[in-house]
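Guided by the hints, dock chain B onto chain A, whose structure is given.
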Amino acid sequence: MAKINNCDQALCKVKMDGKCLESLELSECPHFYFDEETDIDEAENTPNTTVLKSKSIPLFNGAELNMVNTTLVTYQYPCENIIILGDSDSGKTTFLATIFDILQKGPLEGIYFAGSYTQVGFESRCHLSRISSEAAHADTEKTNSKELNFLHLALKVKPALQRPAVHFLISDISGERLQNARDSSSAMKELTPLKFADRIVVMLDGNKIANKRTREASLFDSYTLLKRMSDEKIIRADCDLKIVLSKWDLLDKDTSFNFEKDIEAYFLQKFSDVFTSFSFARIAARPKTPHSTIKVAFGIGELLNEWLEDKPDQSDILNEVPEKRINERWFLNFHS
Amino acid sequence: MNKKSILLAGLPATGKTTFIAALWYYLNNSCNDQLLMVNSLAGGEHEYLNSISRDWAVYKTVARTRSNNGEKIQINVKNTKTDQIIVLDIPDFSGETFKSHFDTREWTEEYDKLLNKTNGFILFVDPQDANNTPHLITDADEAALLFEEPTEISNESIEFKQYSAEHTCNQVKLVEELQFIKHHKPAMVPLKIAVVISAWDVVEKSSEDVKVLPLEWLEKSMPLLYQYLVCNSTDFILQVFGVSAQGLEYNNEDINKALSKNRLDNIIVEDGTETSKDISKPIVWITE
Chain A
46 MAKINNCDQA LCKVKMDGKC LESLELSECP HFYFDEETDI DEAENTPNTT
96 VLKSKSIPLF NGAELNMVNT TLVTYQYPCE NIIILGDSDS GKTTFLATIF
146 DILQKGPLEG IYFAGSYTQV GFESRCHLSR ISSEAAHADT EKTNSKELNF
196 LHLALKVKPA LQRPAVHFLI SDISGERLQN ARDSSSAMKE LTPLKFADRI
246 VVMLDGNKIA NKRTREASLF DSYTLLKRMS DEKIIRADCD LKIVLSKWDL
296 LDKDTSFNFE KDIEAYFLQK FSDVFTSFSF ARIAARPKTP HSTIKVAFGI
346 GELLNEWLED KPDQSDILNE VPEKRINERW FLNFHS
Chain B
1035 MNKKSILLAG LPATGKTTFI AALWYYLNNS CNDQLLMVNS LAGGEHEYLN
1085 SISRDWAVYK TVARTRSNNG EKIQINVKNT KTDQIIVLDI PDFSGETFKS
1135 HFDTREWTEE YDKLLNKTNG FILFVDPQDA NNTPHLITDA DEAALLFEEP
1185 TEISNESIEF KQYSAEHTCN QVKLVEELQF IKHHKPAMVP LKIAVVISAW
1235 DVVEKSSEDV KVLPLEWLEK SMPLLYQYLV CNSTDFILQV FGVSAQGLEY
1285 NNEDINKALS KNRLDNIIVE DGTETSKDIS KPIVWITE
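Listed in order, the protein sequences are those of chains A and B. Numbers given in our numbering equal positions in the first sequence, counted from 1, plus 45. Numbers given in our numbering equal positions in the second sequence, counted from 1, plus 1034.
Incorrect hints may have been included.
As the list claims (entries may be wrong) - Chain B residues, not near chain A, derived (Cβ > 12 Å throughout):
| id | residue |
| --- | --- |
| 1 | Asn1036 |
| 2 | Ser1039 |
| 3 | Leu1075 |
| 4 | Ser1085 |
| 5 | Ser1087 |
| 6 | Lys1147 |
| 7 | Pro1168 |
| 8 | Lys1245 |
| 9 | Val1246 |
| 10 | Leu1258 |
| 11 | Gln1273 |
| 12 | Tyr1284 |
| 13 | Ala1292 |
| 14 | Thr1309 |
Said to hold, decoys possible - Simulated pairs of lysine to any residue, SDA-like, Cα-Cα distance not exceeding 25 Å:
| id | chain 1 | residue 1 | chain 2 | residue 2 |
| --- | --- | --- | --- | --- |
| 15 | B | Lys1219 | A | Asp62 |
| 16 | B | Lys1151 | A | Met61 |
| 17 | B | Lys1216 | A | Ala262 |
| 18 | A | Lys100 | B | Thr1138 |
| 19 | A | Lys187 | B | Asp1173 |
| 20 | A | Lys315 | A | Ala262 |
Hints in this document: simulated from the structure, not taken from any laboratory. Keep in mind the model is a prediction, meaning the values are calculated, not measured. Ideal placement from N, C-alpha and C gives every residue a C-beta, glycine not left out.
Just chain A, same shape as in the assembly:
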């Protein structure tokens, strides 16, 4: 049966000249597929496209992007790459899900939704926060994937809605994988692609910090993860490091807890001479404490606004020469 080259990236000319827009081997390109006369068995192995049926055109699949598939976004736009670290249940995925849940109700503290190539990925992560899931209370399903996955979000800030959107690729990595990396050098080396991160967020589990028996161990775990990442040069000293305490609703009334003394001082003492940009935040994505004065998405708007501040006008970047734009495409940096 005849095979016709095709690609789900509109600008790719692989159909005509057989060359990948990304300069990748066709078998490696996540956007490449064989057109309708394809042998279905072979097409099934093509990531990020729907298996072809007769006379149908595949569309981008909307799920989370693995490292290779991030080119769907990075080819078109300069991106901010944000890596979220933290143990299982520290609130990494709930943080992502809450952003999308809140944007569906309206702009978040002046931040507008400008698009996402991973709406399905967001929707599946938001599912247990919805009444339609029939869950008894709002929850987030655990991230089990072994992949380094990313969600894409394009945002704008009012009143600058005429400026190009800022595109974020935000990681959703399973806590188990990060825990393994903390304990093993070989597991840590698998996280090498993270060295192209623009920002690192270390999510501290507010539930563990609120419990005096688990507080020190939780801080120690975060310290050892960061220390190993830094020593193994998995994260750069010049990336923007943010320590974020999740589930703040469990701590804000605790008079025995002092954020500056118990959290900030701890990390500053250990890392202030390692990272050039170092800051702290408190969030409560989905407060569980009834009648808490801390509302849903507490602190998240402030965090996003910080990431959106002082961004260069990205239309200038897009107008730069292609060779320079490649520096914005972190996958290719990694790939080479």
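Frame of chain A; chain B shown alone:
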């Protein structure tokens, strides 16, 4: 002669076919100040249009479109202001067609080819659809707290339904359709998008004394779609209309009251600046 292709898009039961039925009747029953009117019926196949329009005229619910390939509709019209003759190509696709794009992540070759010649979209939304936005458990919990004693939430594992595309609300699906166009058909943008909020009479009734404008309704009731369109205004040129093509609820009492008027007098079209009965306004705006 100018040829314009306009795609009527929207999820199932959002009022697309009722709009076409009323439009056909309106274009054929011209009055003096009408901007768009039928120029000629010669050479046209109008069985489908006549059939749905007849149902509309006698206050009968217009049957929903079942075709996935789109009922082929061509109307030869004249713009009375410019004297321009336009052939309108307005295929009527079933709402399931658009829904399936999100669910199956593919569209047909025929639809893809049709997009290549499309000049604008009329995107229909049903203001009465409870699935336009998601319903969050945290919102329900907050509301319940007004009436109940608070209880601590346990961390025990819970029973739930697995996620499927069925659980995704309408505004996300509509944003995705626009993103598909922007990504897979970049030559189509900038594209005119006329958002038509159907059953506008119901919106007006529910807002009581406060006059609500279509753009405000979109901002408040489908906020993700609104934000997306506002943020992508260079790609999607937006105009929002509130349209009641049916004009009234089809019960005996309301129909009896309506019989004292011309059928066309029941139509409501709100474009943000004025309320009229000109159901061709979204078409005129796209063809301008």
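Against the structure, the hints:
1. Asn1036: Consistent with the label, Asn1036 of chain B stays out of reach of chain A, its closest Cβ about 27 Å off (over 12 Å).
2. Ser1039: At roughly 18 Å from the nearest Cβ of chain A, Ser1039 of chain B sits farther out than 12 Å, so the non-interface label holds.
3. Leu1075: holds, 33 Å
4. Ser1085: Per Cβ check, Ser1085 of chain B is outside 12 Å of chain A; nearest 29 Å; holds.
5. Ser1087: Holds, because the least Cβ-Cβ distance between Ser1087 of chain B and chain A comes to about 32 Å, which exceeds 12 Å.
6. Lys1147: Violated, since 10 Å does not exceed 12 Å.
7. Pro1168: Violated: least Cβ distance 5 Å, not greater than 12 Å.
8. Lys1245: Non-interface label stands for Lys1245 of chain B: nearest chain A Cβ at 21 Å, farther than 12 Å.
9. Val1246: holds, 16 Å
10. Leu1258: violated, 5 Å
11. Gln1273: Check passes; 17 Å lies beyond 12 Å.
12. Tyr1284: Nearest chain A Cβ is 30 Å from Tyr1284 of chain B, so the label holds.
13. Ala1292: holds, 37 Å
14. Thr1309: The assertion about Thr1309 of chain B holds, with a minimum of 27 Å to chain A.
15. B:Lys1219 <-> A:Asp62: holds, 20 Å
16. B:Lys1151 <-> A:Met61: holds, 22 Å
17. B:Lys1216 <-> A:Ala262: Measuring from Cα to Cα gives roughly 49 Å; hence the hint is violated.
18. A:Lys100 <-> B:Thr1138: Since the Cα atoms of Lys100 of chain A and Thr1138 of chain B sit roughly 14 Å apart, the hinted pair holds (cutoff 25 Å).
19. A:Lys187 <-> B:Asp1173: holds, 22 Å
20. A:Lys315 <-> A:Ala262: It holds: about 15 Å lies between the C-alpha atoms, which stays within 25 Å.
Checked against the numbered hints above, the structure breaks hints 6, 7, 10 and 17 and satisfies the rest.
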